[in-house]
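Those protein sequences? They're chains V and A, same order as listed.
To convert, count from 1 in the first sequence and add 106; that's my numbering.
To convert, count from 1 in the second sequence and add 106; that's my numbering.
For the record, the hints were derived by calculation from the structure and aren't laboratory data.
Heads up, some of the hints might be wrong.
Said to hold, decoys possible - In silico DSS-like pairs for lysine-lysine, Cα to Cα no more than 30 Å straight-line:
{"hint": "1", "chain 1": "V", "residue 1": "K111", "chain 2": "V", "residue 2": "K166"}
{"hint": "2", "chain 1": "V", "residue 1": "K120", "chain 2": "V", "residue 2": "K167"}
{"hint": "3", "chain 1": "V", "residue 1": "K167", "chain 2": "V", "residue 2": "K111"}
{"hint": "4", "chain 1": "A", "residue 1": "K120", "chain 2": "V", "residue 2": "K166"}
{"hint": "5", "chain 1": "A", "residue 1": "K111", "chain 2": "V", "residue 2": "K111"}
{"hint": "6", "chain 1": "V", "residue 1": "K195", "chain 2": "A", "residue 2": "K166"}
{"hint": "7", "chain 1": "V", "residue 1": "K166", "chain 2": "V", "residue 2": "K195"}
{"hint": "8", "chain 1": "A", "residue 1": "K167", "chain 2": "V", "residue 2": "K195"}
{"hint": "9", "chain 1": "V", "residue 1": "K120", "chain 2": "A", "residue 2": "K195"}
{"hint": "10", "chain 1": "V", "residue 1": "K195", "chain 2": "V", "residue 2": "K167"}
{"hint": "11", "chain 1": "V", "residue 1": "K111", "chain 2": "A", "residue 2": "K195"}
{"hint": "12", "chain 1": "A", "residue 1": "K167", "chain 2": "A", "residue 2": "K111"}
{"hint": "13", "chain 1": "V", "residue 1": "K166", "chain 2": "A", "residue 2": "K195"}
{"hint": "14", "chain 1": "V", "residue 1": "K195", "chain 2": "A", "residue 2": "K195"}
{"hint": "15", "chain 1": "A", "residue 1": "K195", "chain 2": "A", "residue 2": "K111"}
{"hint": "16", "chain 1": "V", "residue 1": "K167", "chain 2": "A", "residue 2": "K120"}
{"hint": "17", "chain 1": "A", "residue 1": "K120", "chain 2": "V", "residue 2": "K111"}
{"hint": "18", "chain 1": "A", "residue 1": "K120", "chain 2": "A", "residue 2": "K167"}
{"hint": "19", "chain 1": "A", "residue 1": "K167", "chain 2": "V", "residue 2": "K120"}
{"hint": "20", "chain 1": "A", "residue 1": "K111", "chain 2": "V", "residue 2": "K120"}
What the hints assert, rightly or not - Examples of chain V residues toward chain A, derived with CB under 7 Å:
{"hint": "21", "residue": "P130"}
{"hint": "22", "residue": "R175"}
{"hint": "23", "residue": "R176"}
{"hint": "24", "residue": "V184"}
All residues carry an ideal CB built from backbone N, CA and C; glycine is no exception.
2 protein chains.
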Amino acid sequence: NATAKAELGRATWKLLHTMTLRYPEEPTQDERDALDNYFHLFSRLYPCGECAAEFQQLLKKFPPQTSSRRAAATWLCVVHNQVNARLHKPEFDCANLDATYDCGC
Amino acid sequence: NATAKAELGRATWKLLHTMTLRYPEEPTQDERDALDNYFHLFSRLYPCGECAAEFQQLLKKFPPQTSSRRAAATWLCVVHNQVNARLHKPEFDCANLDATYDCGC
Ligand SMILES: Cc1cc2nc3c(=O)[nH]c(=O)nc-3n(C[C@H](O)[C@H](O)[C@H](O)COP(=O)(O)OP(=O)(O)OC[C@H]3O[C@@H](n4cnc5c(N)ncnc54)[C@H](O)[C@@H]3O)c2cc1C
Ligand SMILES: Cc1cc2nc3c(=O)[nH]c(=O)nc-3n(C[C@H](O)[C@H](O)[C@H](O)COP(=O)(O)OP(=O)(O)OC[C@H]3O[C@@H](n4cnc5c(N)ncnc54)[C@H](O)[C@@H]3O)c2cc1C
């Protein structure tokens, strides 16, 4: 059912964007590997099979950018916009990331 | 701010529970490693720092169960109940997992 799929998508994007926006400004190599591995494992385990397959292709075309918080957050915004385009949703202005996501932590 | 932290928590639990409930019934060793690594990386990257630290302790006490879908889903339910107890929230009946989570995929 499409509503459940959309709700899962919204919940997931919220976690992923907030995660990149709290990622270290100056990550160590270990932290960089952690984020890269996280996204690859995520793309295998995401519970919508069709979405997971598409996202794996996207990761090949746009490998995770992990050199800094800004790089990671912008990369994910661009990738989400690729999904938006495929689903005929409007493009999100990546300049609005910080104003949109607040984890309160 | 507490509302943002709670919303992030709700979104995240939704992803995690749906993920374990779609995990293979009979996973390969590679799939078992993927889920185990996923939860450990997640516990490092979760954007609420205090929650991440607590969750890392929980993973040490209750390592991810990855032998089957049922094992993984029940394990996560038990771990979430540990968080509920710490936050003085009611215990969730793990018999209701399937009825509560539907990803529509
Ligand atoms: C990895 C992944 C793959 C998916 N693949 C598919 C698929 O193949 N088919 C399918 O039907 N659904 C897929 N989904 C679900 C889909 O992306 C949407 O989540 C769902 O359709 C609900 O859309 P929405 O319009 O509520 O906004 P969402 O796309 O869920 O976005 C939620 C909110 O995030 C903000 N936002 C929007 N774009 C961006 C951006 N670029 N950067 C930062 N914030 C943004 C907006 O405030 C928006 O309201 C996928 C979800 C994920 C997480
Ligand atoms: C890994 C993690 C660690 C966290 N640590 C903290 C912390 O240290 N401090 C803090 O203040 N907040 C923490 N949170 C947030 C907190 O767990 C809640 O998400 C938040 O307080 C909102 O609570 P809620 O009452 O809406 O229900 P949530 O606990 O978010 O649960 C959402 C829904 O899931 C269902 N549910 C409840 N229990 C279970 C269960 N055992 N199994 C399956 N489904 C269930 C119910 O339908 C519930 O309404 C953490 C979140 C996560 C994901």
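CA of K120 (chain A) to CA of K166 (chain V), is that 30 Å or under? Holds: K120 (chain A) and K166 (chain V) sit about 27 Å apart, inside 30 Å.
Closer than 7 Å between Cβ atoms is the bar; does R176 (chain V) clear it against chain A? Give me holds or violated. 15 Å, violated
Run the distance test for K195 (chain V) versus K166 (chain A): straight-line Cα separation, threshold 30 Å. Violated, because 41 Å separates the two Cα atoms, which is more than 30 Å.
Are the Cα atoms of K166 (chain V) and K195 (chain A) separated by 30 Å or less? 42 Å, violated
For the pair supplied as a hint, K166 (chain V) and K195 (chain V), confirm whether the alpha-carbon distance does not exceed 30 Å. 22 Å, holds
Given pair status - K111 (chain V), K167 (chain V), alpha carbons within 30 Å: Measuring from Cα to Cα gives roughly 24 Å; hence the hint holds.
Does the closest beta carbon of chain A sit nearer than 7 Å to the beta carbon of P130 (chain V)? 10 Å, violated
Between K167 (chain A) and K111 (chain A), is the straight-line Cα distance small enough, at 30 Å or below? 24 Å, holds
CA of K120 (chain A) to CA of K167 (chain A), is that 30 Å or under? With Cα atoms ~22 Å apart, K120 (chain A) and K167 (chain A) stay inside 30 Å; holds.
Pair hint K167 (chain A) and K195 (chain V), alpha-carbon separation not exceeding 30 Å: Between K167 (chain A) and K195 (chain V) the Cα gap is close to 43 Å, so the pair fails against 30 Å, i.e. violated.
Given the hint that K111 (chain A) pairs with K120 (chain V), does the C-alpha gap stay at or below 30 Å? 12 Å, holds
Go through the hint on V184 (chain V) and say holds or violated, using the shortest Cβ distance to chain A against 7 Å. Violated: closest Cβ of chain A sits about 19 Å from V184 (chain V), beyond 7 Å.
The structure is inconsistent with the numbered hints 6, 8, 13, 14, 21, 22, 23, 24, although it conforms to all the rest.
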